[in-house]
Amino acid sequence: MMSLTPISTLFVSLILLLFLHQSASATSSVTANSDGIKSAYEILQKFNFPVGLLPKGIIKYDYDESTGQFHAYWKDTCSFSLEGSYQLKYKSVISGYISDNRLTSLTGVSVKVLFLWLNIVEVVRHGDDIDFSVGIASASFPIDNFYECPQCGCGLDCVTGQVSKLRAKSFISSI
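Heads up: the sequence shown runs through residues -26 to -1, 1 to 149, numbered per mature numbering (1 follows the signal peptide of the UniProt record, and there is no 0).
Don't take each hint at face value.
Pairs of lysine-lysine, DSBU-like flavour, derived with a Cα cap of 35 angstroms [said to hold, decoys possible]:
#1 LYS86 - LYS30
#2 LYS12 - LYS30
#3 LYS20 - LYS30
#4 LYS30 - LYS63
#5 LYS86 - LYS63
#6 LYS34 - LYS49
#7 LYS12 - LYS86
Treat the hints as calculated values from the structure; they're not laboratory data.
Here the structure is a predicted model, which is why all the values come from computation and not from measurement.
Construct the entire structure; sequences and hints are all you get.
Below, the structure is given as structure tokens:
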């Protein structure tokens, strides 16, 4: 059996302490609530929206409580498909204004409809439905479609790689 000298014991102890410190740092940066700062997902919930409106991976966000203006930042552009016919794209920076049950003046979020990419400019919650407006038209979806955050590249099904199903309630034209 190998015995440790006092110096090697000290070395092993320092390595363990360093490892434990790194693990604790990683945990506190993931939760980000120990210092009282809310995550972007918690801000959504504060205004009665589900967290699944934003994909995972936000690296930073800004929120001005006095105006409701926000910016959310990802490392890169984020895109994924839902139910095959819905392709969504989030630029590396999105912005807009948030208030109870309403996201307005959105920039940086678009949906592919047929062959066109259309900017989603407003999101409104009506009870258990969420309406997405591209300006000239809107579509309504049940809120339970958005309880889980999608991931860039694979949406809601990153294990099997299948395209996730998104149930639409109706397509409403503003024209």
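Non-conforming hints, listed in increasing numerical order: Every hint satisfied by this model.
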